[in-house]
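Each protein sequence line maps, in turn, to chains X and P.
Residue 69 in the numbering used here is what sits at position 69 of the first sequence, and the numbering runs on without skipping anything.
Residue 1030 in the numbering used here is what sits at position 30 of the second sequence, and the numbering runs on without skipping anything.
Calculated from the structure, these hints are not laboratory results.
Think of the CB as a built atom: it goes at the ideal place given N, C-alpha and C, for glycine as much as any other residue.
Where hints are given, some of them may not hold.
Partial pick of chain X residues on the chain P-facing surface, computed with a CB cut under 8 angstroms [as the list claims (entries may be wrong)]: (1) M1; (2) A4; (3) I8; (4) A12; (5) G15; (6) A27; (7) D28; (8) T30; (9) A32; (10) V39; (11) A49; (12) G54; (13) A58; (14) P68; (15) A75; (16) E79.
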Amino acid sequence: MTVASDVILILAACGFMYRALRGPTLADRTVAMNGILLVLSGVIATRAAHLHTGTFLATLVALAVIGPIGNGMIARYIERRAE
Amino acid sequence: MIGEALALAGSVIVLLAAIGVVRFSDVFSRMHALAKGSTLGILLLFTGAAVNLGDIESVTTVVLAAVLHIVTLPPGSNLVSRAAHRAGLQNGGDAGVPGPTPPSE
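Chain X on its own, in the form it takes in the complex (with noise of 0.2 angstroms):
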């Protein structure tokens, strides 16, 4: 079952890169690759529920902390961009 969480997941993932790669703006883009941050983390709990082992679980907090100050930064940066 945790198979079939992980396919869905990589759909997702599969529409999300098509939305990054054909995206006609950079705040398209910059949606795109803040869902891929999101199915990666998403992916790294159902393997981590797949494999009884709470090795990995650190690394949803610390894509949890970086993903935002990434996106605030490409934020400020469009922002900048059209003044």
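For chain X, the structure is supplied; the task is to place chain P on it using the hints.
Structure of chain P alone, referenced to chain X:
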């Protein structure tokens, strides 16, 4: 069993968010789909992992990650959508967001 069902539900919700990001026509609509859908989906995934693992160390780490996601995801989406709105990237979409108001003198 319960944890696996929760993880499956969360991954389906993340897939719905991805479909929204692919199919919607505007930066703001895509942001809407991603922020709401993936917050709920990632919380369900983390809850499923915590129920499956069970020991206190893993549960506290997963709860910390979930709280950080709740705290940081909506402000990040708000930052990007505000920047897109100020840069005037909303042309041709279905969201019906009006353009940036000119600065009052």
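For each hint, the structure was consulted:
Proximity of M1 of chain X to chain P holds as hinted, the smallest CB-CB distance being about 4 angstroms (cut-off 8 angstroms). The interface hint given for A4 of chain X holds, since its Cβ lies 6 angstroms from the closest Cβ of chain P, which is under the 8 angstroms cut-off. The closest approach between the C-beta of I8 of chain X and any C-beta of chain P is roughly 4 angstroms, which is under the 8 angstroms cut-off, so the hint is satisfied. Given hint, A12 of chain X at the interface with chain P, holds; its Cβ is 4 angstroms from that chain's nearest Cβ, closer than 8 angstroms.
Because the beta carbon of G15 of chain X sits about 4 angstroms from the nearest beta carbon in chain P, less than 8 angstroms, this interface hint is met. A cut of 8 angstroms between beta carbons decides the hint on A27 of chain X: the least distance to chain P is about 4 angstroms, and the hint holds. The restraint placing D28 of chain X at the interface with chain P holds, with a minimum CB-CB distance near 6 angstroms, inside the 8 angstroms limit. Nearest Cβ of chain P to the Cβ of T30 of chain X: about 5 angstroms, under the 8 angstroms cut. The hint holds.
Because the smallest distance between the Cβ of A32 of chain X and any Cβ of chain P comes to about 6 angstroms, under 8 angstroms, the interface hint for this residue holds. A cut of 8 angstroms between beta carbons decides the hint on V39 of chain X: the least distance to chain P is about 6 angstroms, and the hint holds. The restraint placing A49 of chain X at the interface with chain P holds, with a minimum CB-CB distance near 4 angstroms, inside the 8 angstroms limit. Among the interface hints, the one on G54 of chain X holds; its C-beta lies about 3 angstroms from the nearest C-beta in chain P, closer than the 8 angstroms criterion.
A distance limit of 8 angstroms between C-beta atoms decides the matter here; for A58 of chain X the minimum to chain P is near 6 angstroms, and the interface restraint holds. For P68 of chain X, the interface hint holds, the least distance from its beta-carbon to any beta-carbon of chain P being 4 angstroms, beneath 8 angstroms. A cut of 8 angstroms between beta carbons decides the hint on A75 of chain X: the least distance to chain P is about 4 angstroms, and the hint holds. Contact between E79 of chain X and chain P, as hinted, is supported at the beta carbon level, the nearest pair being about 4 angstroms apart and thus within 8 angstroms.
Checked against the numbered hints above, the structure breaks none of them.
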